[in-house]
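Student: Given next are the chains, with one letter for each unit.
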Amino acid sequence: DAGVIQSPRHEVTEMGQEVTLRCKPISGHNSLFWYRQTMMRGLELLIYFNNNVPIDDSGMPEDRFSAKMPNASFSTLKIQPSEPRDSAVYFCASIPGGGGSPLHFGNGTRLTVT
Amino acid sequence: AQSVSQHNHHVILSEAASLELGCNYSYGGTVNLFWYVQYPGQHLQLLLKYFSGDPLVKGIKGFEAEFIKSKFSFNLRKPSVQWSDTAEYFCAVNVPGTYKYIFGTGTRLKVLA
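Line by line, the protein sequences are chains A and B. Numbering-wise (my numbering), the first sequence opens with residue 1 and increments by one. Numbering-wise (my numbering), the second sequence opens with residue 1001 and increments by one.
Each hint should be verified, as a subset may be incorrect.
Unchecked claim - Just a sample of chain B residues kept apart from chain A, beta carbon distances all over 12 angstroms, derived: (1) 1020; (2) 1048; (3) 1053; (4) 1058; (5) 1072; (6) 1075; (7) 1083; (8) 1088; (9) 1092; (10) 1097; (11) 1098; (12) 1100.
As the list claims (entries may be wrong) - Quick list of in silico lysine-lysine cross-link-like pairs, DSBU-like style, CA-CA up to 35 angstroms: (13) 24(A) with 1110(B); (14) 1100(B) with 1110(B); (15) 1110(B) with 1071(B); (16) 1071(B) with 1061(B); (17) 1100(B) with 68(A); (18) 1058(B) with 1100(B); (19) 1061(B) with 1110(B); (20) 1058(B) with 1110(B); (21) 78(A) with 1100(B); (22) 24(A) with 1100(B); (23) 1061(B) with 24(A); (24) 1049(B) with 1110(B); (25) 1061(B) with 1049(B); (26) 1069(B) with 78(A); (27) 24(A) with 1071(B); (28) 78(A) with 68(A); (29) 1061(B) with 1100(B); (30) 1058(B) with 1071(B); (31) 68(A) with 1049(B); (32) 78(A) with 24(A); (33) 1100(B) with 1049(B); (34) 1069(B) with 1058(B); (35) 1049(B) with 1069(B); (36) 24(A) with 1049(B); (37) 1069(B) with 1110(B); (38) 68(A) with 24(A); (39) 1069(B) with 1100(B).
In short, the hints are calculated from the structure, not lab data. Beta carbons: idealized from backbone N, C-alpha and C, even for Gly.
Based on the sequences and whatever the hints tell you, model everything.
Tutor: As structure tokens, then:
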């Protein structure tokens, strides 16, 4: 079990640039979550996919954020254009089934927007 | 809406001291409960979980937690902490069968050697 894999681990970009974060869930897990962690707001759910379909994107801050899951083994979170207030650690997590199991987190992407 | 409260934001202990971190949630029905640990610069890792049965659950690294339904609490305990327990600890609640996982704001524990 390779765990949830995220890339890159660190991303530093300038305001206005496009940022793409990547996630590979654990094989066989059909639910995928994107969370954002900041000091001020803690862990916030951005979007939840089940069987590659976005079920709840109410946590996505604004239109600058978008997420896709083209297949069961890959998801992306894109920010375009990025702003300094987007600086945070972004975690991807997956579980088998639709809910209830412990979340398996990736190592996160630390995004810094200057 | 469900919420999770972790009252202690920062805790500093000496090695060998006992630890208890509080977690209270607001939801009247059945819940799944979790404690996660996040070591500096790392991802959240599961310490222990409660789904049903014995309200006293044991996890990894000598941690345990007790579910008290009447108090809506799920406090984390460890009899004797080590320097390596320095980390941030998160309590989380899930309504069974749903995708909603609500996290507390976390407690930063620093253990002095």
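Student: Is residue 1061(B) close enough to residue 24(A), meaning Cα to Cα at most 35 angstroms?
Tutor: OK: residue 1061(B) and residue 24(A) at ~28 angstroms, within 35 angstroms.
Student: Given the hint that residue 1049(B) pairs with residue 1069(B), test it: the Cα-Cα distance must not exceed 35 angstroms.
Tutor: Since the Cα atoms of residue 1049(B) and residue 1069(B) sit roughly 15 angstroms apart, the hinted pair holds (cutoff 35 angstroms).
Student: Mind verifying the non-interface call on residue 1072(B)? Its CB should be farther than 12 angstroms from each CB in chain A.
Tutor: Holds, since 19 angstroms exceeds 12 angstroms.
Student: Verify the proposed pairing of residue 1069(B) with residue 1058(B), using a straight-line Cα cut of 35 angstroms.
Tutor: holds, 17 angstroms
Student: Tell me if the straight-line CA distance from residue 1069(B) to residue 1110(B) falls inside 35 angstroms.
Tutor: holds, 29 angstroms
Student: Below or equal to 35 angstroms on CA atoms is what counts here, so check residue 1069(B) against residue 1100(B).
Tutor: holds, 20 angstroms
Student: Compare the distance between the alpha carbons of residue 78(A) and residue 68(A) with 35 angstroms, and conclude whether the hinted pair is satisfied.
Tutor: holds, 9 angstroms
Student: Under the criterion that the straight-line Cα-Cα distance not exceed 35 angstroms, is the pair residue 1058(B), residue 1071(B) satisfied?
Tutor: With Cα atoms ~20 angstroms apart, residue 1058(B) and residue 1071(B) stay inside 35 angstroms; holds.
Student: Is it true that the CA of residue 1100(B) sits at most 35 angstroms from the CA of residue 68(A)?
Tutor: Given pair residue 1100(B), residue 68(A) holds - Cα atoms ~20 angstroms apart, limit 35 angstroms.
Student: Is the hinted pair residue 24(A) and residue 1100(B) satisfied, with a Cα-Cα distance of at most 35 angstroms?
Tutor: The given pair, whose Cα atoms are some 21 angstroms apart, holds under the 35 angstroms limit.
Student: For the pair supplied as a hint, residue 1110(B) and residue 1071(B), confirm whether the alpha-carbon distance does not exceed 35 angstroms.
Tutor: Holds, because 27 angstroms separates the two Cα atoms, which is no more than 35 angstroms.
Student: Would you assess whether residue 1020(B), listed as outside the interface, keeps its beta-carbon beyond 12 angstroms of every beta-carbon in chain A?
Tutor: Nearest chain A Cβ is 21 angstroms from residue 1020(B), so the label holds.
When the structure is compared with the earlier hints, violations turn up for hints 2, 8, 9, 10, 11, 12, 26, 27 and for no others.
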